[in-house]
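**Student:** Since chain A is already given, all that's left is putting chain U on it; use the hints.
As given, the protein sequences belong to chains A and U, one line each in that order. As numbered in the numbering used here, the first sequence has no gaps in its residue numbers, which increase by one up to the final residue, 190. As numbered in the numbering used here, the second sequence has no gaps in its residue numbers, which increase by one up to the final residue, 190.
Be a bit skeptical, because a hint or two may be false.
[What the hints assert, rightly or not] Below are the EDC-like pairs computed for lysine to aspartate or glutamate, each with C-alpha atoms no more than 20 Å apart in a straight line:
hint, chain 1, residue 1, chain 2, residue 2
1, A, Lys7, A, Asp157
2, U, Lys130, U, Glu95
3, A, Lys20, A, Asp80
4, U, Lys5, A, Asp168
5, U, Lys63, U, Asp80
6, U, Lys7, A, Asp168
7, A, Lys5, U, Asp168
8, U, Lys7, U, Glu95
9, A, Lys20, U, Glu95
10, U, Lys20, A, Asp80
11, A, Lys7, U, Asp168
12, U, Lys5, U, Asp168
13, U, Lys7, U, Asp157
14, A, Lys7, A, Asp107
Just so you know, the hints here were simulated from the structure itself, not pulled from any lab data. These figures come from a predicted structure and were not determined experimentally.
Protein chains: 2
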Amino acid sequence: MTGKKKVYLALIHYPVYNKTGQVITSAVTNLDLHDIARAARTYGVRCFYVVTPLEDQRELAKRIVSHWIHGGGARYNPDRRTALQLVRIVSSMEEVLEDISENGQDRPITVSTDARPHTNNITFAGLSKILVSGQCLLLMFGTAWGLTKQSVEAADYALAPITGGTDYNHLSVRSAVSIILDRLLGTGH
Amino acid sequence: MTGKKKVYLALIHYPVYNKTGQVITSAVTNLDLHDIARAARTYGVRCFYVVTPLEDQRELAKRIVSHWIHGGGARYNPDRRTALQLVRIVSSMEEVLEDISENGQDRPITVSTDARPHTNNITFAGLSKILVSGQCLLLMFGTAWGLTKQSVEAADYALAPITGGTDYNHLSVRSAVSIILDRLLGTGH
Chain A
2 MTGKKKVYLA
12 LIHYPVYNKT
22 GQVITSAVTN
32 LDLHDIARAA
42 RTYGVRCFYV
52 VTPLEDQREL
62 AKRIVSHWIH
72 GGGARYNPDR
82 RTALQLVRIV
92 SSMEEVLEDI
102 SENGQDRPIT
112 VSTDARPHTN
122 NITFAGLSKI
132 LVSGQCLLLM
142 FGTAWGLTKQ
152 SVEAADYALA
162 PITGGTDYNH
172 LSVRSAVSII
182 LDRLLGTGH
Chain U
2 MTGKKKVYLA
12 LIHYPVYNKT
22 GQVITSAVTN
32 LDLHDIARAA
42 RTYGVRCFYV
52 VTPLEDQREL
62 AKRIVSHWIH
72 GGGARYNPDR
82 RTALQLVRIV
92 SSMEEVLEDI
102 SENGQDRPIT
112 VSTDARPHTN
122 NITFAGLSKI
132 LVSGQCLLLM
142 FGTAWGLTKQ
152 SVEAADYALA
162 PITGGTDYNH
172 LSVRSAVSII
182 LDRLLGTGH
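Excised from the complex, chain A in its bound form (with noise of 0.2 Å):
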């Protein structure tokens, strides 16, 4: 754990937009899931939500997970068993929203992330401000093409996209949580 500062992430599958703009729901990857998980154990997240409406996604999801945790995979890589056992599996962001309240924890201020620019936006620095009061936040990706303007918009704050020095923005949600829990979570800078 990082200190005081709590922090939950959604990896979110639906309502996300397809390349042409439509709202799709995505399918789950088995590659997001362990990277995704490896990174929020090393920088002390308390929980990876990962959220799709579609029953047999969640099965594959818990599958893969479960081969990991309880499975050959937990003798043959006890590392990534520790990763994996901080993923659920489920249906909606009503249903993160009430886990995290059954584990005795106040609503979490919501916030989306995105390449593009928004109304809702706060920068790092702000939003480091707020975790550091030892407020409670859940960040949410969007897969696929990235999450609805809508989503963007309802979360309490939209991070400012990540800035890397070029007009060139377009990094796989495994590289953008990544690089967000670094500069929210990281030491030794």
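**Tutor:** Just chain U now, with coordinates in the frame of chain A:
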């Protein structure tokens, strides 16, 4: 490009450790190429070298990259094309250094990365100073269970391990590259 900051990346498939500490040649992974190329492009990296001594693995990597630069992938996703154009597939670190030299750069300062501490460690702040002074850096990343101790310590410097405020440091190479580029080249922290 990020001003005058000159950074090259090398993703190394030999010599690296496997899970039990044996020295192996790891397989090229499709998603490493995509995720790391996208991060490299976002942060203005000059070239992303994929290094493997195995000819069939180099051919495989070339076919993947070609699909996204010249084939169907280029039409399907031009942003991916822009990222994968940074990739150069080579057989050894010597070839990396020759290629940088042929592009008119001085010999770069070589910087290895590892989750373990080493005698030639440099901090992120120390490396940033070198970068800002206009010197050219070559960042070396190991696949599988990481670069061998000899490779790490043969570099001019070994970058200090990424720390996230916990005792866990098992990030994927995709996450590690993203975080290190952001610490050295990111803006808006």
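**Student:** Hint by hint, note whether the structure agrees.
**Tutor:** Outcome of the hint check:
Pair hint A/Lys7 plus A/Asp157 holds up; C-alpha atoms about 16 Å apart against a cutoff of 20 Å. Between U/Lys130 and U/Glu95 the alpha-carbon distance is near 26 Å, which puts this suggested pair outside the 20 Å criterion. Restraint check for A/Lys20 and A/Asp80: the C-alpha separation of about 35 Å exceeds 20 Å, so the hint is violated. About 16 Å separates the Cα atoms of U/Lys5 and A/Asp168, which keeps this hinted pair within 20 Å; it holds.
Restraint check for U/Lys63 and U/Asp80: satisfied, since their Cα atoms lie roughly 18 Å apart, inside the 20 Å limit. Restraint check for U/Lys7 and A/Asp168: the C-alpha separation of about 17 Å stays at or below 20 Å, so the hint holds. About 16 Å separates the Cα atoms of A/Lys5 and U/Asp168, which keeps this hinted pair within 20 Å; it holds. As the CA atoms of U/Lys7 and U/Glu95 are separated by approximately 19 Å, the hinted pair is consistent with the 20 Å bound.
With a C-alpha separation of about 40 Å, the suggested pairing of A/Lys20 with U/Glu95 is violated against the 20 Å cut-off. Among the hinted pairs, U/Lys20 with A/Asp80 is consistent with the structure: their alpha-carbon atoms are about 11 Å apart, no more than 20 Å. For the hint pairing A/Lys7 with U/Asp168, the CA-to-CA distance comes to about 17 Å; that is within 20 Å, so the pair holds. A threshold of 20 Å between alpha carbons decides the hint, and for U/Lys5 with U/Asp168 the separation of about 36 Å lies outside it, so the pair is violated.
Taking the CA atoms of U/Lys7 and U/Asp157, the gap is near 16 Å; set against the 20 Å cutoff, the hint holds. As the CA atoms of A/Lys7 and A/Asp107 are separated by approximately 11 Å, the hinted pair is consistent with the 20 Å bound.
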